[in-house]
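Peer 1: Chain residues, written in single-letter form:
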Amino acid sequence: MADRLVRQDVWTLEQDQRFHPVILAYALAVREMRTRQPNHPTSWAYQTAVHWTNEPNPGPFFNQCQHNTWFFLPWHRMFLYWFEQIVRSVLRELPESVLQAFPEVDEQTIATWALPYWDYWDPRPPTATQPPPFKDSLPSSFRATTLPNGDPNPLFEERRNRGRPKKALGDPPISPVAINRGARLPSRVTSPHQALNRPLFVDRAVGFGGPVTSFHHFGEDQIRMAGALELTPHGAVHNTVGGRGGLMTSLRTSPGDPIFWLHHANLDRLWEVWLGRPDPSDPMVRTNPTDDRWRDFEFDFKDERGQAVREFRTPSEVVDLTRLGYRYADVSWPAAPLPPGAVPVPPAPPLEAAMPPAPPPDHPPELVGATEQPLELRGELATVRFPVARPTGPLARTEAATPSRVFLYLDDITGDENPGVVYAVYANVPDDDDDPTNDAHYVGTLSFFGIEDLRDLDQDHAGGLRVAYDITDLYTRLRDQGRWNERQVTVTFEPLELVPAAGAEPGGGELELEEEAEVEDEAVPPVTVGRVSLFLQ
Amino acid sequence: MSARDAGGRPRRSAPGRVRRAAWHHPEWTLALVAVACWAVLVALHLRGGGVAAGPAPGAARASANATAMHHAAMHHAAMHHATGQPPEGTGGWLAAQGTWLLMAPAMMLPSALPAARHVALNSRWRRRQRGGAVFAGAYLAVWLLFGLVAVSVARLAGLPERAGWPLAAALAVAAGWELTAAKRRCLRACHQTLPLPPDGWKADAACARFGLRYGWACLGACWALMLAMAIAGHASLLLMVVLTTIVVAEEGLVKGTRLVGVAALVLAATAATVAVAA
Numbered sequence: 001m002a003d004r005l006v007r008q009d010v011w012t013l014e015q016d017q018r019f020h021p022v023i024l025a026y027a028l029a030v031r032e033m034r035t036r037q038p039n040h041p042t043s044w045a046y047q048t049a050v051h052w053t054n055e056p057n058p059g060p061f062f063n064q065c066q067h068n069t070w071f072f073l074p075w076h077r078m079f080l081y082w083f084e085q086i087v088r089s090v091l092r093e094l095p096e097s098v099l100q101a102f103p104e105v106d107e108q109t110i111a112t113w114a115l116p117y118w119d120y121w122d123p124r125p126p127t128a129t130q131p132p133p134f135k136d137s138l139p140s141s142f143r144a145t146t147l148p149n150g151d152p153n154p155l156f157e158e159r160r161n162r163g164r165p166k167k168a169l170g171d172p173p174i175s176p177v178a179i180n181r182g183a184r185l186p187s188r189v190t191s192p193h194q195a196l197n198r199p200l201f202v203d204r205a206v207g208f209g210g211p212v213t214s215f216h217h218f219g220e221d222q223i224r225m226a227g228a229l230e231l232t233p234h235g236a237v238h239n240t241v242g243g244r245g246g247l248m249t250s251l252r253t254s255p256g257d258p259i260f261w262l263h264h265a266n267l268d269r270l271w272e273v274w275l276g277r278p279d280p281s282d283p284m285v286r287t288n289p290t291d292d293r294w295r296d297f298e299f300d301f302k303d304e305r306g307q308a309v310r311e312f313r314t315p316s317e318v319v320d321l322t323r324l325g326y327r328y329a330d331v332s333w334p335a336a337p338l339p340p341g342a343v344p345v346p347p348a349p350p351l352e353a354a355m356p357p358a359p360p361p362d363h364p365p366e367l368v369g370a371t372e373q374p375l376e377l378r379g380e381l382a383t384v385r386f387p388v389a390r391p392t393g394p395l396a397r398t399e400a401a402t403p404s405r406v407f408l409y410l411d412d413i414t415g416d417e418n419p420g421v422v423y424a425v426y427a428n429v430p431d432d433d434d435d436p437t438n439d440a441h442y443v444g445t446l447s448f449f450g451i452e453d454l455r456d457l458d459q460d461h462a463g464g465l466r467v468a469y470d471i472t473d474l475y476t477r478l479r480d481q482g483r484w485n486e487r488q489v490t491v492t493f494e495p496l497e498l499v500p501a502a503g504a505e506p507g508g509g510e511l512e513l514e515e516e517a518e519v520e521d522e523a524v525p526p527v528t529v530g531r532v533s534l535f536l537q
Numbered sequence: 001m002s003a004r005d006a007g008g009r010p011r012r013s014a015p016g017r018v019r020r021a022a023w024h025h026p027e028w029t030l031a032l033v034a035v036a037c038w039a040v041l042v043a044l045h046l047r048g049g050g051v052a053a054g055p056a057p058g059a060a061r062a063s064a065n066a067t068a069m070h071h072a073a074m075h076h077a078a079m080h081h082a083t084g085q086p087p088e089g090t091g092g093w094l095a096a097q098g099t100w101l102l103m104a105p106a107m108m109l110p111s112a113l114p115a116a117r118h119v120a121l122n123s124r125w126r127r128r129q130r131g132g133a134v135f136a137g138a139y140l141a142v143w144l145l146f147g148l149v150a151v152s153v154a155r156l157a158g159l160p161e162r163a164g165w166p167l168a169a170a171l172a173v174a175a176g177w178e179l180t181a182a183k184r185r186c187l188r189a190c191h192q193t194l195p196l197p198p199d200g201w202k203a204d205a206a207c208a209r210f211g212l213r214y215g216w217a218c219l220g221a222c223w224a225l226m227l228a229m230a231i232a233g234h235a236s237l238l239l240m241v242v243l244t245t246i247v248v249a250e251e252g253l254v255k256g257t258r259l260v261g262v263a264a265l266v267l268a269a270t271a272a273t274v275a276v277a278a
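Each protein sequence line maps, in turn, to chains A and B. Under the working numbering, the residue at position 94 of the first sequence is numbered 94, and the numbers go up by one with no gaps. Under the working numbering, the residue at position 138 of the second sequence is numbered 138, and the numbers go up by one with no gaps.
It should be emphasised that the hints constitute simulated quantities derived from the structure, not laboratory data. The beta carbon of each residue, even a glycine, is placed where N, CA and C say it ideally should be. Please note: incorrect hints may appear among the correct ones.
[What the hints assert, rightly or not] For each label pair, taking beta carbons as the anchor points, the in silico distance ranges come out as:
no., chain 1, residue 1, chain 2, residue 2, range
1, A, A401, B, T90, 55 to 63 Å
2, A, P60, B, T29, 35 to 43 Å
3, B, V42, A, E298, 37 to 45 Å
4, B, R258, A, D296, 12 to 20 Å
5, A, E298, B, G89, 19 to 27 Å
6, A, D458, B, R47, 16 to 24 Å
7, A, E298, B, R126, 40 to 48 Å
8, A, D296, B, T180, 51 to 59 Å
9, A, D362, B, V42, 34 to 42 Å
10, A, P337, B, R258, 43 to 51 Å
11, A, G482, B, R258, 50 to 58 Å
12, A, T287, B, G48, 38 to 46 Å
13, A, Q15, B, K202, 38 to 46 Å
14, B, A269, A, R293, 26 to 34 Å
[Said to hold, decoys possible] Partial pick of chain B residues on the chain A-facing surface, computed with a CB cut under 8 Å:
no., residue
15, L101
16, L121
17, R130
18, A181
19, R185
20, A189
21, T193
22, P195
23, R209
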């Protein structure tokens, strides 16, 4: 049996060689695919439309992406697998003149080409300046405007996050926090830890893989709630890389940015990381759904010859990477965040990994408090408070009357436009705390990928988003310390900014787009959170 | 100490399972209302009279090998002959409205159960039934108002008592409506929710507002179907079953908008059957 192809960390390739042959080959394939007819599966436009298109009645091969569902991970794995086959076929068909111009892309590179992944988790704090590069900045080959030979770089995309306009003031006039100038993504955006710590693929509240649905493009069900990995880092990275109006920010356009595919390769890799933790003999080993409704659901794709595929179109066919013929260079557990001044240490699973979770109680979570008025988020720090009452349902009749699970829900989140701003959410930060964003009170990250499509009744989506955070650990810790307020909950929303690229590699800001300096200080489009609520179970 | 199953969960007794089902499905009371309405309608049907009223499709000329729909229509025509007094005037109008009072919950509540469950599970525990009831009350109010108007207009229009063509025409209109973009938009609007405050009159008001909005979207999706029922009156339990199945499938399933083509075919076939039987 032939060796499996290896999907490599793009930053490892970058450090080995700028425009590493694998990345250069990808760039040439993207360039070629953009020249092909949109109705052919090997074209860039076709692949973007497979994910999303607003064309009416597009047929079974378009508009198929799966979000807010337990099909999120397997569908995107299939999407990437068939895209990778197409890229490889495009590379094999490159004209001789192109290959002569780029001799680095040799036969061996093409024969073994596999989609790299962008592992954007960097444990170093925002204040760290050395040693660059930072993995949470966009790989430099995707920021350069030209290829080594001076041709336009197909991997460069101008429509990415330029940073908040107010940060563009001062000297130099071009915003130093633009993603294309090497800015770092905030750790709250890139951290996969919260998702990886979810023990179940499907959970009534918030599972690793998403809720049980049938075919679910984005928001058909009344419960439009992403799984933990889909929310963060998936949605948060989409929003933060794209910013307001960027390709990555919208479901409609995100596959058009070449970094999309490396982002999703990383999510696909994190699925393997989650499954592999901590080791197969541990009772805590994670498992995929065994439900036939998940395993046997069929999706439609076309291969590089334009034929409808007959294999690798159901979740059960793609759960084993051996069958798919590829593996990831690294599926080890990600390192924990480092405090300022600390040095990286080998990654180790947290201690709680050894403790099997108790099965959820029989009774459903009970609402004990909620806001009465919607909250509008406009890119500034925002706080809401609401009273909390004692539970009166089955929980009150249990022996200890102590919840085993505590959830913070954000319901009916709507907005006409994705602001490109992501928020960190905190619970019960004391009023006398100087830092309203106290890490000890961090709940999770809130992003709005797809929000602009939820009002379009001509699409298969309507309504608001719902986000759930399991805050049991926070609740237990504060309660044990006597610091949990039994009568009131305070929730704080902090807009997360790109981290200035201090100490970034020379040339990290290759952009010479002076027009960026003319970005006006525009108001952030509002997003409305219909209700913030606390549930005990 | 309670016994536990292989998954570490307490092994539940039969009462325990019922209690757990009630915890997770607080909309069961509304389901019971719908079932009760169906039961009364079936009982009245079997008794061969009751509150049944309104112009029935003329099926007296039905042939012996007609379809099940045909037989059902014939049964109702025969029923009228048996009673010998097609209801007319105010009494008939009241009887028709009485039938509608049963038909509307029977046919339209099942598709609203997921939304009612959403309301209940997102209400304070002690308000779960109240929230669901306020929601369902507002939702059904939309349909009762529709029935009040539609049944009255159907009777005022003086549609022929023994002719099936008005029903066939209404079903044909319903089939056509299935294929419009407006129908699909309304179906999608049925999946929208509203924020629900936790306590007090604000909670009641939000549940009522949600019910009205849901009812309005549902009315947009199903007005043509229910117009057919307003014209048919008590015409056929089978017709009720067919139309209720369409409503539940379209509104209840995640991809209900994909069923509009099939629904249009079923409605067109039903219209043809009724027309032939007339």
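Peer 1: Evaluate the given range 35 to 43 Å for the C-beta pair formed by P60 of chain A and T29 of chain B.
Peer 2: Between P60 of chain A and T29 of chain B, where Cβ atoms are some 41 Å apart, the hint holds.
Peer 1: Taking the Cβ atom of E298 of chain A and the Cβ atom of G89 of chain B, is their distance within the range 19 to 27 Å?
Peer 2: 59 Å, violated
Peer 1: State, for the Cβ atoms of D458 of chain A and R47 of chain B, whether the hinted interval 16 to 24 Å holds or is violated.
Peer 2: Cβ of D458 of chain A to Cβ of R47 of chain B: about 48 Å, so the range 16 to 24 Å is violated.
Peer 1: Going by Cβ atoms only, is T193 of chain B closer than 8 Å to chain A?
Peer 2: Since the shortest Cβ distance to chain A is 6 Å, the answer is holds.
Peer 1: Would the hint on P195 of chain B be counted as holding, given a Cβ-Cβ threshold of 8 Å to chain A?
Peer 2: 3 Å, holds
Peer 1: Against chain A, with CB atoms and a cut of 8 Å, does the hint on R130 of chain B hold up?
Peer 2: Result: violated, 13 Å to nearest chain A Cβ.
Peer 1: Against the range 12 to 20 Å, how does the distance between the Cβ atoms of R258 of chain B and D296 of chain A compare: consistent or not?
Peer 2: About 19 Å separates the Cβ atoms of R258 of chain B and D296 of chain A, which means 12 to 20 Å holds.
Peer 1: Does the closest beta carbon of chain A sit nearer than 8 Å to the beta carbon of A189 of chain B?
Peer 2: Hint holds; A189 of chain B Cβ to chain A Cβ min 6 Å, cut 8 Å.
Peer 1: Taking 40 to 48 Å as the hint, is the beta-carbon distance of E298 of chain A and R126 of chain B inside that range?
Peer 2: Between E298 of chain A and R126 of chain B, where Cβ atoms are some 45 Å apart, the hint holds.
Peer 1: Hint says 43 to 51 Å; check whether the CB-CB distance for P337 of chain A and R258 of chain B agrees.
Peer 2: 45 Å, holds
Peer 1: Check the following: the C-beta atoms of Q15 of chain A and K202 of chain B are separated by a distance inside 38 to 46 Å.
Peer 2: Since Q15 of chain A and K202 of chain B have Cβ atoms about 57 Å apart, the given range 38 to 46 Å is violated.
Peer 1: Between A401 of chain A and T90 of chain B, does the C-beta distance stay in 55 to 63 Å?
Peer 2: 59 Å, holds
Hints 5, 6, 8, 12, 13, 15, 17 and 23, counting from the list given before, are not met by this structure.
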